[in-house]
Structure formats: C-alpha cells, structure tokens
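S.K.: Put the complex together from the two separate chains, hints included.
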Amino acid sequence: MSSTSTSAPDAAPDAAPAEASPLYAAYLRRIRLERHLVRVVQIAALVGFFVLWEVAPRAHWVNPLLTSYPSAMWPVFVDMLSKGELLYHTWVTVEETIVGFVFGFGGGIALAIGLWWSRFAYKVVDPFMVVANAMPKTALAPIFYIWLGDKYSIYGIAIAVGLFITTIMLYNGFNEVDPNKVKLARTFGASRSQILRKVVLPGSVPTMIAALKIMVGLSLVGVIVGEFQSSKAGLGYLIVYGSQIFAMNLAMMAITILAVISTVMYVVIFRFERRVLRHRQ
Amino acid sequence: MKPTERRNGVRDGAPKVEVRDIGLRYLAESGETEALRRINLGIEAGEFVSIVGPSGCGKSTLLSLIAGIMPPTEGNVLVDGVPVRGPNPKLAYMLQSDFLFEWRTIIENVMIGPEIQGLSLKAARERGEDLLSRYGLGDFMNHYPNQLSGGMRQRAALARTLVTGPDVLLLDEPFSALDYQTRLTLADEVGVILRREGKTVILVTHDISEAITMTDRVVVMSRRPGRIRAEHQIGFPSLGPKRPSPFHLRKAEEFPGYFDEIWNELDIHIGA
Ligand SMILES: Nc1ncnc2c1ncn2[C@@H]1O[C@H](COP(=O)(O)OP(=O)(O)OP(=O)(O)O)[C@@H](O)[C@H]1O
Ligand SMILES: [Mg+2]
Numbered sequence: 001m002s003s004t005s006t007s008a009p010d011a012a013p014d015a016a017p018a019e020a021s022p023l024y025a026a027y028l029r030r031i032r033l034e035r036h037l038v039r040v041v042q043i044a045a046l047v048g049f050f051v052l053w054e055v056a057p058r059a060h061w062v063n064p065l066l067t068s069y070p071s072a073m074w075p076v077f078v079d080m081l082s083k084g085e086l087l088y089h090t091w092v093t094v095e096e097t098i099v100g101f102v103f104g105f106g107g108g109i110a111l112a113i114g115l116w117w118s119r120f121a122y123k124v125v126d127p128f129m130v131v132a133n134a135m136p137k138t139a140l141a142p143i144f145y146i147w148l149g150d151k152y153s154i155y156g157i158a159i160a161v162g163l164f165i166t167t168i169m170l171y172n173g174f175n176e177v178d179p180n181k182v183k184l185a186r187t188f189g190a191s192r193s194q195i196l197r198k199v200v201l202p203g204s205v206p207t208m209i210a211a212l213k214i215m216v217g218l219s220l221v222g223v224i225v226g227e228f229q230s231s232k233a234g235l236g237y238l239i240v241y242g243s244q245i246f247a248m249n250l251a252m253m254a255i256t257i258l259a260v261i262s263t264v265m266y267v268v269i270f271r272f273e274r275r276v277l278r279h280r281q
Numbered sequence: 001m002k003p004t005e006r007r008n009g010v011r012d013g014a015p016k017v018e019v020r021d022i023g024l025r026y027l028a029e030s031g032e033t034e035a036l037r038r039i040n041l042g043i044e045a046g047e048f049v050s051i052v053g054p055s056g057c058g059k060s061t062l063l064s065l066i067a068g069i070m071p072p073t074e075g076n077v078l079v080d081g082v083p084v085r086g087p088n089p090k091l092a093y094m095l096q097s098d099f100l101f102e103w104r105t106i107i108e109n110v111m112i113g114p115e116i117q118g119l120s121l122k123a124a125r126e127r128g129e130d131l132l133s134r135y136g137l138g139d140f141m142n143h144y145p146n147q148l149s150g151g152m153r154q155r156a157a158l159a160r161t162l163v164t165g166p167d168v169l170l171l172d173e174p175f176s177a178l179d180y181q182t183r184l185t186l187a188d189e190v191g192v193i194l195r196r197e198g199k200t201v202i203l204v205t206h207d208i209s210e211a212i213t214m215t216d217r218v219v220v221m222s223r224r225p226g227r228i229r230a231e232h233q234i235g236f237p238s239l240g241p242k243r244p245s246p247f248h249l250r251k252a253e254e255f256p257g258y259f260d261e262i263w264n265e266l267d268i269h270i271g272a
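Note that the protein sequences, when read in sequence, are chains D and V.
Number 278 in my numbering belongs to position 278 of the first sequence; there are no gaps in the numbering.
Number 188 in my numbering belongs to position 188 of the second sequence; there are no gaps in the numbering.
Isolated chain V (complex conformation) (with noise of 0.2 Å):
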C-alpha cells in the first residue's frame, strides 16, 4: 500500500469498518438463495472504496449487511471493533433512489433521521438547514419533492443522509437515476464535500469510470454467489500529490490501464 494515497495524513490503523467471513442466503420457500459467499474487507477512516460487480452479486445485499438493517447468515461486520446488531447512527446507508417522502417539505425530509433517531431536534435543523444551503437547496427548503428537479432531490437526500453526522457513508449507486450530466457534475461536488469532511464511503456502483475516479480503491465482484474477485488501489501519481476532480480523472494517462483491467475482470460478454 503506498501511503501517498491516502489523505488527510489518515494512517493504517484498525480499520472503521471490517467484515469478516460473510455468507448470506436469502430463504424463501420457492428456494434458497446464495447471495454472498466468505466476503472479507476491511476500510480503514477517510477511506473511499468502490464495490463494482455484474448485476445481482450482491452489492446491495453487502450494503444492508453492513448498514445492520439485516444479519448476515454466517460471519460478522465489525464498525470500530464492535459486532454490528442493528443500524448504527455512526452509518449512514444512502439508497439506490431518493426515496423522498412527497408529504414532507425538503426540509422536515432531512429531519426525518434526526426524529427517527431522538437526536436534538433544534440542532438537527440548524445542521440541516446550513447543509441544504450548502448544497444549493436554500430556497427549497419549504418546497415539496415534486417541486425539485432529479439532481436537486438527489442533493437533498445526501443533505438527509449527512444530517445526522455519520462516520462512514454507504451509497448504492447514488447517481444512477439522474442523466449523465448531471450525475458527473453531481458525482464531482459529492466526491469534494465527502473528502472535505473526511468521511468514509463504501461506493456501489456500475460504472466503471465513476468507480476509479471517485475512489481510492475498487473492489471487484464476481457473480452470484458474490466473493471479491480483485481489488485494485487506485492512484495517479501523474498528476501530483493533489487529488484533481473526478471528472479531470477521467482525463488522467492512468485510467485506461484501471478501465480496461476492471473491465475484463468484470468479465461483461457482450452478446452473451
């Protein structure tokens, strides 16, 4: 590992999150499913990671394990060394859509996890109305979700998912509902504002590009049952110790090499 790419100086210590050995079967009585088999990953604090696999691996399977809002059939999750029970106010699990509730305005939608959790909720709004202005959403506060365009309810639901001052942000493929301009630019500002506050994410994703440019490792999936297939530390040591954009990554003469090698592992046959 070359300590180069890690930031803010975070150092290798006991990871935030580590999962240990996970198998999970879904058991309906039409049959069982094998969704994932002997995964181990450990993710350390300030870490980006990227999870990129054919569709139904189990990528969001992993997610929900890790979030706690399921337990796995073997194997433990561990978050700063405890065995996860249950949800954990320390994670933060951002889901595949918005999923505003369209009777709530933007601003009770982000308070949504402060009520669930008893947190404060004076504080809460403060922190919420200060991240909504951040992120652009000043004036939409009072504003119902069917008044927001795509991009503008996606950045509302992260302002929701931050609210509650998480460690470690799980996101299952954020952007993928939104048109590509929007989901680069949108990708773009996440990434800054993430890597500002020295967050931890877990990145689900299918896009390629997105994975390497976001992250700082991408672990690659293999089909169902899901084990890790690779896992590829990604740098770009061409471009200096100052971590450009992702969309200025895109750019970089180390991405085809990280695309292609993904690719194939991926193991995509067209026409299949």
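Chain D extracted, bound-state conformation (with noise of 0.2 Å):
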C-alpha cells in the first residue's frame, strides 16, 4: 500500500484490483463473440428478406403485381408521409390499439379482482369465461359494427379479444401468489382489501407483464379486424382499400408499418419487464 493513503476508505488493503482470470476473460469474449454473431445473422437475415423481396419480382421470379417491393413501396411512402397521410392513419390505429388496450387490460384486472374476491362469483362464471374466451372473438365484428357504430365496434373488438384472456390469466396469477405469503398479512391482522392491495396485487405484477404482453399483441389485432370490417381510417383500412383497388404498393407498406409497431411495441414492453421485475428471483 502507498503511503499517501488516498485510496478510498472502504477498499480491503490487500484486496486484488479486481482482474479476470485468463480463463474467466476467455469465457467472456466467447459469450460476446456469440452475441455479436447472433446479431450480425439477424440484421443479415433481416437484409437479405428485403433484398429477396426487392429482386424476385423485379427479375420476375414472383409476379411484381401480387408481391410489390421495397423501391415501389418508397415513392408510395413519401408521398403519403408528406401529405401528413401515412402520419394520420397510423396514429387513428395505434390510438385505437392503446384504448382497446387499457380498456381490456383494465377490464380484465377488474374482473379478475371481483371473482377474486368472490369465490362464489368465480364458481359460477368460470365456465362461461372458458367458452367466452374459446369463441373468436373477431367473429362478432360484423355485429359489433352495427350495435356500436364505425368508430366505436373497432374499440369493441379490441377490447373483447384480450378481455377473457387477460381476465383468466390474472386471475390464476392471483391464486399462484405464495399462500404463505398471505398468511403472513393476515399475522399482522390485514383485512382482505389489505391483502389485495399490499400482498396479492403487487405479488402478480410477473403475470400482468405477461398478460400485458398477450394483450397489446391481441388488441392490435382486434383493431385491425375491425378496420377491416368497418373504418374509413387507419391502417387495416388502407390494407384493404390497397387490396381492393389492387394497388398493393400501399397495402405492402401498410403491412409494413404494422411490422415496425409491433416492433416498437414488444420492445417497450421488454424494456418495462426488465425494469420492473429486476429484484424478482
């Protein structure tokens, strides 16, 4: 040790700088290595589907017509990006994703609390959420659209798609939290709203992440749907308008933008998940 004794008060004297032994140092440029590797073969995948989606139909291995490609996709892309176009229809569909969203997940959390706190309630309903969430839920679109209107069916469906599921998953997610962990409200005197809020919410936030994680998925598709069936705006409408005029430019971009959403959606969520449950074991 030095005799200027400036190193810092909690460092052991003898304590070595903490190095990597060759071996440890080995190991960890391999996992690295691996890492890069796996992200260089994705991003290379990710090129190579464009470049294959670019060439095919240009050199009339696929019919150009039917599969569009990228450079047609472009001018299609700018021209409704400057006419503030591409801007608006993709905002009305995420914005009906995020109400169908919150009002589902929402939804889904509430019910899920009543029939926790009513076993009786739960006895009784369980068969009936179990069918609810086997029908397909798309299929009442059509009806939604003429019960609640353009606007409001698309919200209908986004919300049903995910309301059972998300109902039925925390649900569980409530009974799996730790017995004992209640028990252990309950020494202290905790009434059952205590335990609701203090023990049983906070114990299932793992399983709201993953129903969370089903739930902006399965909206997304709801809202689609029912762009599909009823709108004049957003991005399932332009699918379908694209399809219908055979203009498959603009469906393909569509398409396309509905791809990098999700994308952007999945990695919120992933972003949410590791921040949140980084002290769960």
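If you are wondering where the hints come from, they were derived from the structure by calculation, not from laboratory data.
It is possible that part of the hints are untrue.
As the list claims (entries may be wrong) - Here are some, though not all, of the chain D residues that point toward chain V, as calculated from beta-carbon distances under 7 Å:
(1) 179
(2) 180
(3) 184
(4) 186
(5) 188
(6) 194
(7) 279
Unchecked claim - Quick list of in silico lysine-lysine cross-link-like pairs, BS3-like style, CA-CA up to 25 Å:
(8) V/199 x D/183
(9) V/90 x D/183
(10) V/199 x V/90
Unchecked claim - Looking from chain D toward chain V, a few residues come up when the C-beta cut is under 7 Å (computed):
(11) 58
(12) 181
(13) 187
(14) 202
(15) 206
Glycine included, each C-beta is placed from N, C-alpha and C at the ideal position.
M.R.: Following this line, the structure appears as structure tokens:
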C-alpha cells in the first residue's frame, strides 16, 4: 500500500485489483463473440429478406403485381408521408389499439379482482369465461359494427379480443401468489382489501406483465379486424383499400408499418419488464 | 415450579397466554381431520416455552389458533385474560420461512406490519431501522431480499416480527430453513435478544436440542390428533443462576437427561 493513503476507505488494503483470470476472460470473450454473431446473422437475415423481396419480383421470379417490392413502396411512402396521410392513418390505428388495450386490460384486472374477491362468483362464472375465451371474438366484428357504429365497434373488438384471456390469466396469477405470503399479512391482521393491495396485486406483477404482452398483440389484432370491417381510416383500412383497388404497393407498405409498430410495442414492454422485474428471482 | 428458573423476577400470576380445552378439526369435502384435541396450556409473561412433537401433530395449527388467524372448533384462547377473536397486535407470529416480499426492500418489508396495523409510519420506520442496525443489517435496509443470505433474511424477518412491538412471539420453526451453523448462531442471537427484551415466546421446533437450550419449558405433543403428552421444566442448576447461551447449554451435564427423556416421549421409531 502506498503511504499517501488516498485509497478509498472501504477498499480492503490487500485486495487484488478486480482482474479476471485468463480462463474467465476467454469465457467472457466467447460469450460476447456469440452475442455479436447472433446480432449479425439477424441483421443479415433481415437485409436478405428485403433484398429478396426487391430482386424476386424485378427478376420476374414472382409476379410484382402480387407482391410489390421495397423500391416500389418507397414513392408511395414518401408521397403519403408528405401529405400527412401516413401519420394520420398510423395514429388512428395506434390510438384505437391503446384504447382497446387500456380498457381491455383494465377491465380484465377489475373482473379478476371481482372473481378473487368472491369465490362463489368465480365458481358461477368460470365455465362461461372459458367458453367466452374460446369463442373467436373476431366473429363478432360485423355484429359490433351494427350495434356500435364504425368507430366504437373497433374499440369493442379490440377490448373483446383480449378481455377474457386477461381476466383468466390474472385470476390464475392472483391465486398463484404464495399462500404463505397471504398468511403472513393475516398474522398482522390484514383485511381482505389490504391483502389484495399489499400482497396479491404486487405479487402478481410478473403475471400482469405476461398478460400485458399478450394483450398488446391481441388489441392490435382486434383493431385491424375492426378496421377491415368498418373503418374509414387506419392501417387496416389502407390494407383493405389497397387490396381492393389492387394497389399492392399501398397494402404492403401499410403491413410493413404494422410490423414496425409491433416491434416498437415489443421493445417498450421488454424494457418495462426488465425494469419492473429487476429484483424478483 | 422452581422460582430460580424464572428470569427477570417475573412472578407467577395470571398467565399471559392461556389455551383452554382447545380442539380443532379441519373440514374438507374429502373428509375431516382432527388436528388437535383438548389442549390446555398456560404461558406466563416473560416465559419461553417450546413445543415439540412428531410431524403433523398440529403444532403449526396450535400457533395459528393462538395467533387468532383461524378460530378453534372447541375451547378458546385467552391473551391477558381476554378471549382471542382475531389477530391481536400484542402477538406476533413468525412463520416457518421468512416469506419476505421480493418486490419490497428490506426496510419496506419490515414496514408491512405497521402499514397493515395503521401505526405511525414515521415512528415505526425509526424502530425498524434501529432493529435492522442492531441485527447487523444496517447497510442492507435498501437492498432487496434476493441480495441477502438466508441468515440475513431470517434476521430481517425477526425485525419485521418485532417492529410492531408485540409482547408475545409465536415462532414456527424459525430456523429450520437455515444450515446448521447459521442456525446455531442465529438461535443464540435471537435467544439473547428476546430475553433481554422480556418477550414471552412460544417456539415450535423439531430440534430437541434447540428446545432444551432455548426455552424454560418444553411441551411434548403426541401424534395426531395432537394432545399434550408431557411437559418439562428445564433448569441448569449446575451452571449457576445466570443462564449461559444456548450454545454452551448443549454441554451442560443436565442436557443429555432432558434429551433422552424427550426423545423417548416422541416415540420416533427408526425404520418403523
Ligand atoms: N388447511 C388444512 N386442511 C386440512 N388439513 C390440514 C390443514 N392444515 C393442516 N392439516 C392437517 O392437520 C394436521 C396438523 O397440521 P400442522 O401443520 O399443524 O402440523 P405440524 O405439527 O405443524 O407439522 P409439521 O411439524 O410437519 O410442521 C396435519 O395432519 C395436517 O395434515
Ligand atoms: Mg408446522
């Protein structure tokens, strides 16, 4: 140790500098190399996909009228973007998805809490929930259109598609919270609502996030189906409109944007999950 | 009863906790289980009592009844002469495992009791921080449970149990999840802490040595339906009036006698 005693007070005097053994360093290098390799291959696959999509129609291996291709989509994209139409349609779809998601998820939590609160209600409702969940909700699109009109029917389907599965998942999650944690709260005299707020809800956050992931995707499905049925705007509308007038460039571009939206939603939830679940084993 | 075996000058009076003719049956569609039958037990203020008995004889059930988290089928429990109707803030129940909430930091975990009971959170937090510091967890208050070792977690659970200021502690095999060395050390520490604070303690354990060395009286229960089979007043006159730590008591000359007697009463048949 040097005589100038400038070292941090908490550093052990004889502690070796945190240096990895050669074996460990090699191990880390290997892991990092593999991670880079995975990334590179993924990017290559993505680029390859677009190249193929560009080349195959142009070389007339496939009919360009049916598949469109990136460089043909590009002018449509630029044109619609400059007119503000693209942002408008994208926003309509995103907004509908958010509404469907928020109410579907919120409704699912509320229903799951109600069922958790009353076991009797759960026993009564259970078979109906299972059937409602198994029903293809998209079959309701035309009915919702008649009942709710062009705007609200889209919300309706987006909510219906995810509501039951969210309820079922959350209810099961609530019951999977360690009963001993509930017992612990009860030893302090916790009431039912305290058990809910302090144990059951925070204890099912991992389930909530799992349900969230499913719900976001399902809401988007519901919205697009709803737009197919009824709308005058949104990406679903662009897809239907584009295919009806055989403007594949338009339809394919809208689908590409949907893929981008899905990716963004996935990344947001992934980040959120990592943050929230940091401290859970 | 030999008065020399009472600490802190606590005198026999009305028992702190009284279990009167308790019986309990668990009911389920598949059948009923008689877990406890006619249990009578009196525990005085400041007394340390342990309960041993074969697995499934109803020890945890008995603690749950005393804690008031479920009602007995027959009989009743009195705390300070008042019948128990539900969980009572004077009693604290430490479960078999720590069950710390992984989404709360250590200090937040300690605060769960005061939050539920609606105590002053500021005062409780000071008490909690003080307890954690005394148990060597001062630097870990804002850590999460998964960053702590088993022994540290158990100490955090003890702080959580004590922060509400209970008079009576019900401990259900509080050290069973720990390795042997940690277990001995922690049992020593906890024994000292609780005696110093004059708590009344009911300790359930599978470990006969732990029962003999940590408590003043050992209650032996029989197989299901659980009844009280025997009680042993534990004293170590050979070691003088001051009670040494549990660890040292294992070497006392009285120890093997108590051990053999209780062992025989548990009628554990090896290979049976
Ligand atoms: N919720 C319950 N429903 C039905 N039977 C139960 C229930 N809880 C416990 N029992 C039964 O009651 C008996 C006593 O259980 P208890 O948990 O009190 O035993 P124990 O003495 O604490 O056992 P161990 O030493 O293994 O912890 C056991 O036979 C058990 O099967
Ligand atoms: Mg038990």
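S.K.: Work down the list of hints and note, for each, if the structure agrees.
M.R.: Hints versus structure:
1. Among the interface hints, the one on residue 179 of chain D is violated; its C-beta lies about 10 Å from the nearest C-beta in chain V, farther than the 7 Å criterion.
2. The restraint placing residue 180 of chain D at the interface with chain V holds, with a minimum CB-CB distance near 5 Å, inside the 7 Å limit.
3. Proximity of residue 184 of chain D to chain V holds as hinted, the smallest CB-CB distance being about 5 Å (cut-off 7 Å).
4. The beta carbon of residue 186 of chain D comes within 5 Å of a beta carbon in chain V, closer than 7 Å, and the hint placing it at the interface holds.
5. Evaluation of the residue 188 of chain D hint against chain V yields a held restraint, the C-beta minimum of about 4 Å falling below 7 Å.
6. Taking 7 Å as the C-beta cut-off, the interface hint given for residue 194 of chain D holds, the closest approach to chain V being about 5 Å.
7. Hint status for residue 279 of chain D relative to chain V: holds, with the closest Cβ pair at about 4 Å, below 7 Å.
8. This hinted pair checks out: residue 199 of chain V and residue 183 of chain D have alpha carbons roughly 23 Å apart, not beyond 25 Å.
9. Pair hint residue 90 of chain V plus residue 183 of chain D holds up; C-alpha atoms about 17 Å apart against a cutoff of 25 Å.
10. For the suggested pair residue 199 of chain V and residue 90 of chain V, the alpha carbons sit about 11 Å apart, so the restraint of at most 25 Å is met.
11. Because the closest C-beta pair between residue 58 of chain D and chain V is about 55 Å apart, greater than 7 Å, the hint is violated.
12. Look at residue 181 of chain D: its Cβ gets to within about 5 Å of chain V, closer than 7 Å, so that hint holds up.
13. Because the smallest distance between the Cβ of residue 187 of chain D and any Cβ of chain V comes to about 4 Å, under 7 Å, the interface hint for this residue holds.
14. Because the smallest distance between the Cβ of residue 202 of chain D and any Cβ of chain V comes to about 5 Å, under 7 Å, the interface hint for this residue holds.
15. About 10 Å separates the beta-carbon of residue 206 of chain D from the nearest beta-carbon of chain V, more than 7 Å, and the hint is not met.
In this structure, the earlier hints numbered 1, 11 and 15 are contradicted, and the remaining ones agree with it.
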